[in-house]
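Guided by the hints, dock chain G onto chain B, whose structure is given.
So the chains spell out like this:
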Amino acid sequence: MIAFKFLARGAVGPFTGFAWPTPMASSPGGWVEVPPEALPDRGIHACLADHLSFWVDDELWIVELGEVVQRSSGQLISSRGRLLKRTAWAREVANELGKACTFRARDAAAQLLRRNGRVQEANQLLGCSDLVELKKVARAISEPCKTDSLANIAGYVADAATFANLGDVGTAAFIVAELARVSTGTIEASASERAWQGRWIAERLKLPL
Amino acid sequence: MTPESARDLACQELVELVTDYLEQTLSHDERTRFEQHLAMCGGCREYLREIRSTINLSRKLSQGALASKVPDDLLTLFRKWKAG
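Line order of the protein sequences matches chains B and G. In terms of my numbering, the first sequence opens at residue 8 and continues consecutively. In terms of my numbering, the second sequence opens at residue 165 and continues consecutively.
It cannot be assumed that every hint is accurate.
Said to hold, decoys possible - Which bits of chain G does chain B cover? Going by a derived footprint, with three or more residues having C-beta under 8 Å, they are:
1. 200-207
2. 217-227
Said to hold, decoys possible - Restraint-style ranges between C-beta atoms, simulated for each label pair:
3. B:ARG78 - G:ASP236: 51 to 59 Å
4. G:THR189 - B:ARG122: 22 to 30 Å
5. B:GLU210 - G:LEU221: 41 to 49 Å
6. B:ALA147 - G:THR183: 38 to 46 Å
7. G:GLN188 - B:ARG122: 42 to 50 Å
8. G:THR189 - B:ALA26: 25 to 33 Å
9. B:CYS152 - G:GLU180: 44 to 52 Å
10. G:GLY206 - B:VAL76: 46 to 54 Å
11. G:LEU239 - B:LYS143: 51 to 59 Å
12. G:SER191 - B:LEU216: 43 to 51 Å
13. B:THR193 - G:LEU239: 27 to 35 Å
14. G:GLN227 - B:PRO43: 52 to 60 Å
15. G:ASN220 - B:GLN127: 52 to 60 Å
16. G:LEU221 - B:VAL19: 19 to 27 Å
To be verified - Over the 10 Å line for every Cβ pair with chain G, so calculated as not near, a few chain B residues:
17. SER33
18. ARG49
19. VAL100
20. ASN102
21. ALA115
22. SER190
23. THR191
24. SER199
Everything labelled a hint here was simulated from the structure, so no lab data went into it. C-beta atoms are modelled at their ideal positions from N, C-alpha and C, and glycine is treated no differently.
Excised from the complex, chain B in its bound form (with noise of 0.2 Å):
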């Protein structure tokens, strides 16, 4: 099956360290092998664009995986898997998801505060057109009143504008998933924020779905 693989900087694995075999001219990369007793514990893994936010890293591959022997939140497992194709994300596009989500979250908060009867604070922060105002906006809403449950909200928006202006994008796109969970009370919405932000990347990247 067709999934996706973040890895650092010349194809290697984050974790392990792993060079992965890169595709030459029109063949992908050889495949890489896991003996079957090493099974789940060790093994290929990648994922499906639902959860590509999760991963953010350097390079994202596609790649084509062998029988999948197990799912997760977040993972595929396979016994083998090839590169096939290193997309077009760069660091410009990162930044990209990291505006993205960041604005979709100060979106959600200004409909909560609307709602909750306080408009002035909601139009302040809809007329925000950078990452750093939404900071600076969103942290002054934050910080009159640490117990008041929706300034808590305008928080997470600001050390999510913090963090995507800062280019750490796995870390905006994290804190703008808390606060789908912590704004609704369910771990669902977290999750739907995770597969929007994936979906964006596939979208933006024209990615085989």
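Below, chain G without anything else, positioned relative to chain B:
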């Protein structure tokens, strides 16, 4: 709870689980959570790198490579630590 405190808790958890991760005794779901945290936390990635380096360097040491006083000093420190 602020995002920073959520992050701190997860970092503490990772520190507690690092030995099990290196010994490959975490369940599949625990390992996925562990690696999802590593993917977004540069501090914990660095921590794991340091632990791996320490283990690799320790493996290169033989007993003869240590000054005679060092094992006794380490044992004393260990006993004090265990005694609280």
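Results for each hint:
1. Counting residues of the region 200-207 of chain G whose CB lies closer than 8 Å to any CB of chain B gives 6, so the stated coverage by that chain holds, three being the minimum.
2. For the region 217-227 of chain G, the proposed coverage by chain B is not satisfied: 0 residues have a C-beta within less than 8 Å of a C-beta in that chain, short of the threshold of three.
3. In this structure the supplied range 51 to 59 Å holds for ARG78 (chain B) paired with ASP236 (chain G), their Cβ-Cβ distance being about 53 Å.
4. For THR189 (chain G) and ARG122 (chain B), the hinted distance range of 22 to 30 Å is not satisfied, since their beta carbons lie about 47 Å from each other.
5. Roughly 46 Å separates the CB atoms of GLU210 (chain B) and LEU221 (chain G), a value that falls within the hinted 41 to 49 Å.
6. Between ALA147 (chain B) and THR183 (chain G) the C-beta distance comes to about 43 Å, which sits within the given range of 38 to 46 Å.
7. Roughly 48 Å separates the CB atoms of GLN188 (chain G) and ARG122 (chain B), a value that falls within the hinted 42 to 50 Å.
8. Between THR189 (chain G) and ALA26 (chain B) the CB atoms are about 26 Å apart, so this pair conforms to the stated range of 25 to 33 Å.
9. A beta carbon spacing of about 33 Å between CYS152 (chain B) and GLU180 (chain G) contradicts the range 44 to 52 Å that was offered as a hint.
10. For the pair GLY206 (chain G) and VAL76 (chain B), the supplied restraint of 46 to 54 Å is violated, since their beta-carbon distance comes to about 31 Å.
11. Checked against the given bound of 51 to 59 Å, the beta carbons of LEU239 (chain G) and LYS143 (chain B), roughly 55 Å apart, stay inside it.
12. Taking the beta carbon of each, SER191 (chain G) and LEU216 (chain B) are about 30 Å apart, not inside 43 to 51 Å as hinted.
13. Distance hint check: the CB atoms of THR193 (chain B) and LEU239 (chain G) are about 52 Å apart, inconsistent with the given range 27 to 35 Å.
14. For the pair GLN227 (chain G) and PRO43 (chain B), the supplied restraint of 52 to 60 Å is violated, since their beta-carbon distance comes to about 40 Å.
15. Range check, ASN220 (chain G) to GLN127 (chain B): Cβ separation about 58 Å, and the 52 to 60 Å hint holds.
16. Between LEU221 (chain G) and VAL19 (chain B), the C-beta spacing of about 22 Å keeps the proposed range 19 to 27 Å intact.
17. Every CB of chain G lies more than 10 Å from the CB of SER33 (chain B), the least distance being 31 Å, so the non-interface label holds.
18. In this structure ARG49 (chain B) is not separated from chain G by more than 10 Å, as the shortest Cβ-Cβ distance comes to only about 7 Å.
19. The beta carbon of VAL100 (chain B) is kept farther than 10 Å from every beta carbon of chain G, the shortest such distance being approximately 17 Å.
20. ASN102 (chain B), annotated as away from the interface, keeps every beta carbon of chain G farther than 10 Å; the closest lies near 15 Å.
21. No beta-carbon of chain G is positioned within 10 Å of the beta-carbon of ALA115 (chain B); the least distance is around 15 Å.
22. For SER190 (chain B), the condition that its CB be more than 10 Å from all CB atoms of chain G holds, with the nearest at approximately 12 Å.
23. Every C-beta of chain G lies more than 10 Å from that of THR191 (chain B), the closest at about 15 Å, which supports listing it as non-interface.
24. Chain G leaves SER199 (chain B) outside its interface by the beta-carbon criterion, the shortest separation being 17 Å against a cut-off of 10 Å.
Checked against the numbered hints above, the structure violates hints 2, 4, 9, 10, 12, 13, 14, 18; every other hint is satisfied.
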